[in-house]
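Peer 1: Below are the chains, spelled out letter by letter.
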Amino acid sequence: MKRKLLFAFMAILGLAATIAVSAQPKPVTIVHWYWADNPGYSAQMQKIAADFNATNGKGITVVAQEYPWDGGAYSETLFRAVMGGGGPDTSSFKLTSTPLFTANNLLVNLDEYLAKWKDRDKINASLYDTMRKASRTKSVYVMPWNTQVLYVYYRPSLFKKAGVTVPKTYAEFLEACKKLTMDTNGDGKIDVYGFGMRGAKGGQEPWGSFIYARGGSFENMTSPEAIQGMQDFIDLYKNGYTPPTAPMDGFNEIIANFKSGKTAMTIHHIGSSIGMVDTFGADVDAFAFPGGVGRWTSMGDTENIMLKSSKNKDAAFEWLAYLATGKGQEDWCVATGNVPVSKDVQQLPFFQNNRFMKVSIEGAPYAGILPILDTTTEWISTIWPNTVAAALGGKLSAAEAMRQLQTGLWGK
Amino acid sequence: MQLSRSQRLKGDEMRKNKIAPWPYLLIAPALITILTVVFFPVLNAIFMSFQSYDLRRPSQIHFTGLANYLSAVQDPLFWQALLKTVIWVGVGVGLQFVFGFMLALLLNRKFWGRGVVRSISLIPWVTPGVLIGLMWRWIYDGNYGVLNDVLTRLGLIKSNIPFLAQQSTAFPMVILTIVWQGIPFFALMLLAGLQGIPEELYDAANVDGANAFQRFFSITVPSLRNTIFVTTLLRIIWVANSVDVIFNLTEGGPAYATQTLSVYVFNKGNTLNLGYASTMAILLALSLAVVAVPYLKTLFKSQEESE
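First to last, the protein sequences are chains A and B. Residue numbers for the first sequence, in our numbering: 2 to 413. Residue numbers for the second sequence, in our numbering: 123 to 429.
No wet-lab data here; the hints were simulated from the structure. Just to be clear, a hint being listed does not mean it is correct.
Computed Cβ-Cβ distance ranges for the label pairs, DEER-style [claimed, not checked]:
{"id": "1", "chain 1": "B", "residue 1": "Pro145", "chain 2": "A", "residue 2": "Thr408", "range": "56 to 62 Å"}
{"id": "2", "chain 1": "A", "residue 1": "Lys117", "chain 2": "B", "residue 2": "Ile149", "range": "58 to 64 Å"}
{"id": "3", "chain 1": "A", "residue 1": "Asp315", "chain 2": "B", "residue 2": "Leu192", "range": "48 to 54 Å"}
Okay, the calculated bits of chain A under chain B, using three or more residues with CB under 8 Å as the criterion [unchecked claim]:
{"id": "4", "segment": "74–81"}
{"id": "5", "segment": "95–104"}
{"id": "6", "segment": "239–253"}
{"id": "7", "segment": "382–392"}
Okay, derived cross-link-like pairs now, BS3-like style, lysine-lysine, Cα gap no bigger than 27 Å in a straight line [stated by the list, open to error]:
{"id": "8", "chain 1": "A", "residue 1": "Lys260", "chain 2": "B", "residue 2": "Lys280"}
{"id": "9", "chain 1": "A", "residue 1": "Lys309", "chain 2": "A", "residue 2": "Lys123"}
{"id": "10", "chain 1": "A", "residue 1": "Lys180", "chain 2": "B", "residue 2": "Lys280"}
{"id": "11", "chain 1": "A", "residue 1": "Lys161", "chain 2": "A", "residue 2": "Lys263"}
{"id": "12", "chain 1": "B", "residue 1": "Lys280", "chain 2": "A", "residue 2": "Lys162"}
{"id": "13", "chain 1": "A", "residue 1": "Lys190", "chain 2": "B", "residue 2": "Lys280"}
{"id": "14", "chain 1": "A", "residue 1": "Lys396", "chain 2": "B", "residue 2": "Lys280"}
{"id": "15", "chain 1": "B", "residue 1": "Lys280", "chain 2": "A", "residue 2": "Lys179"}
{"id": "16", "chain 1": "B", "residue 1": "Lys280", "chain 2": "A", "residue 2": "Lys263"}
{"id": "17", "chain 1": "A", "residue 1": "Lys239", "chain 2": "B", "residue 2": "Lys280"}
{"id": "18", "chain 1": "A", "residue 1": "Lys359", "chain 2": "A", "residue 2": "Lys344"}
Idealized CB from N, CA, C, for every residue including glycine.
Using the sequences plus the hints, can you model the full thing?
Peer 2: Put into structure tokens, the structure is as follows:
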């Protein structure tokens, strides 16, 4: 009898152990790709991944791998990796690449995941609509993460020296570019330029503000208004209100020029604000790009996607959710100063009291994105920088340049 | 048992005709590798060049015959890039050769510290192209570049020159960079050739009263003829196909001022228009063949004559 009892006890113990083991989540590894604007952001993403790995309780290990943004070439690197049979499970992403990835059937449709997701309503419904529009379907393929609204950084001390106040109109902005171009040490050479123009890849975003301020638009770049906006852009360069290197200046150059005091104003988003404050303390501020006949600024966006090739889709969604509304959202946006997509995180004092955040929010009503077409990536990476460089160098008139840009984007 | 003569002859014939497998087995790995990594991609590129192969529009990939080739012929950027390629190769390789030859002659002389100078002179050649591009980009920088600083201190310029941002200066600057990179290659190859020239030839020439100029053009250059031919051809092909230096310096800009054909192919490939990129790659290969084939014919002919 004792033997039978012992046997039964052992059997129950074995069964319980088996159940306990089978209830343990199977360990899975998710490879996530991202880019970072500086080493601090890079370390932050690694920390977020480590925190997620330590706290998710589902046996999910995220391996965060960094790739350079490279003026947008990141998207092409990702595309080639996935088309070649490699690539990650999840990745940071830009909306403009959505048509390319959906046309090649590379993204997971997130509709089912979102329908079951308890935090879905923590993100503004209009953002989901933007994601649907970008995919040209009725489905959501990209998970919102953060947004950035471009605005103008300026140096209050240089404004004071030049006797300039914060521009309220587009005309005042152009005038400020002129007045802020100064020879500050009296050696007969210009050592501060009014405007840090971005003529290389990525420059189409600040440039768009000039086109819209004159009443033009991306839809019709050959209108007299759009051509006048282009002419203003050319004149800033020709009149010497921008560094002479402007046609080839990209992100690194405009930020270096601003931080070294070479330029008094430049256009970028809140992602640079922490570095700016580190450099200048209180001697840096921002204003929303002023309106003229029209008003527009670029809404930068960063999302995350799940690739169809992922073998652990449920785990991948857990990670994407953590970045969208979980602790990952808060940590990333606090560290980088980006505008959070989670309504809860937006309410945190850090964001409510941030002067750059206020300017971002001020610009949000007229912020937009470039038309998302299958020509957009080539237009951004090759056509826009080379056409604008030709116009700045006097090889093309404003009208000729705009005609080329119109054809390059719309094909007509 | 003795075999008849006819039986012996038949046996020899059979042995001759029998295919020995070993040579084929031994070259098989190399052959398979070449077929896989060279032959197949080339065939694939040729195949794609006849298609509208644009991954931005995967549903529209179809055979288009010569349409891509006709587009290339009508594309002003293609012709501009081809012209840039000719200048890039002609001036770039030409100057590399001249300065490389000068360096080889210098390094062939005996002087104190020659070993160190030889090692240092190799640095540009062993530096990766990407690093060269990044390094020179900062050297040429219009705001903080060391070149502007040196020229200003020497009193040669009054204000900084945006070397890479001006269409007039960007291309000469990228050529200067490739010249800097390629000089050691020529120097190294020609130095090896110089060391193989028998000293007796120069002694005999001296006895005959030949001056330095005559010794150079009558002994040195003819003795290096084959080395010059091979190294120049190799370098023409490499420079024509090189993307890394230009791309990291200017990405082909400003206003396509530094876009050679290989950079144009790379840019088009990057925007995923693989059909058109393949077409231009084939045209680039054909252009190089136009140079290489007569060049090699001349080389082989001169070799046969010397034999």
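Peer 1: Confirm or reject each hint.
Peer 2: We went through each hint and held it up to the structure:
1. Separated by about 59 Å at the C-beta atoms, B/Pro145 and A/Thr408 satisfy the suggested range of 56 to 62 Å.
2. Under the hint 58 to 64 Å, the C-beta atoms of A/Lys117 and B/Ile149, about 59 Å apart, fit the expected range.
3. Checked against the hint of 48 to 54 Å, the C-beta distance between A/Asp315 and B/Leu192 comes to roughly 51 Å, which is consistent with it.
4. As drawn, the segment 74–81 of chain A meets chain B at 3 residues by the rule of a beta-carbon pair under 8 Å; at three or more, the given contact holds.
5. Counting residues of the segment 95–104 of chain A whose beta carbon lies closer than 8 Å to any beta carbon of chain B gives 3, which reaches the threshold of three, so the coverage claim holds.
6. Counting residues of the segment 239–253 of chain A whose C-beta lies closer than 8 Å to any C-beta of chain B gives 7; at least three are required, and the coverage claim holds.
7. Coverage of the segment 382–392 of chain A by chain B holds [criterion: at least 3 residues with CB-CB distance below 8 Å; count 7].
8. About 24 Å separates the Cα atoms of A/Lys260 and B/Lys280, which keeps this hinted pair within 27 Å; it holds.
9. Our distance criterion of 27 Å between C-alpha atoms is met by A/Lys309 and A/Lys123, whose separation comes to about 25 Å.
10. Simply put, A/Lys180 and B/Lys280 have alpha-carbon atoms about 23 Å apart, close enough for the 27 Å limit, and the pair holds.
11. Proposed proximity of A/Lys161 and A/Lys263 is supported: the alpha carbons are some 16 Å apart, at most 27 Å.
12. Pair hint B/Lys280 plus A/Lys162 holds up; C-alpha atoms about 26 Å apart against a cutoff of 27 Å.
13. Using a Cα cut-off of 27 Å, the hinted pair A/Lys190 and B/Lys280 holds, with the two alpha carbons roughly 9 Å apart.
14. For a cut-off of 27 Å, the pair hint linking A/Lys396 to B/Lys280 stands: about 25 Å separates their Cα positions.
15. A C-alpha spacing of about 22 Å is found between B/Lys280 and A/Lys179, which places the hinted pair at or below 27 Å, so the restraint holds.
16. For the given pair, B/Lys280 sits about 18 Å from A/Lys263 by alpha-carbon distance, which is consistent with the 27 Å threshold.
17. Between A/Lys239 and B/Lys280 the alpha-carbon distance is near 19 Å, which keeps this suggested pair within the 27 Å criterion.
18. Using a Cα cut-off of 27 Å, the hinted pair A/Lys359 and A/Lys344 holds, with the two alpha carbons roughly 15 Å apart.
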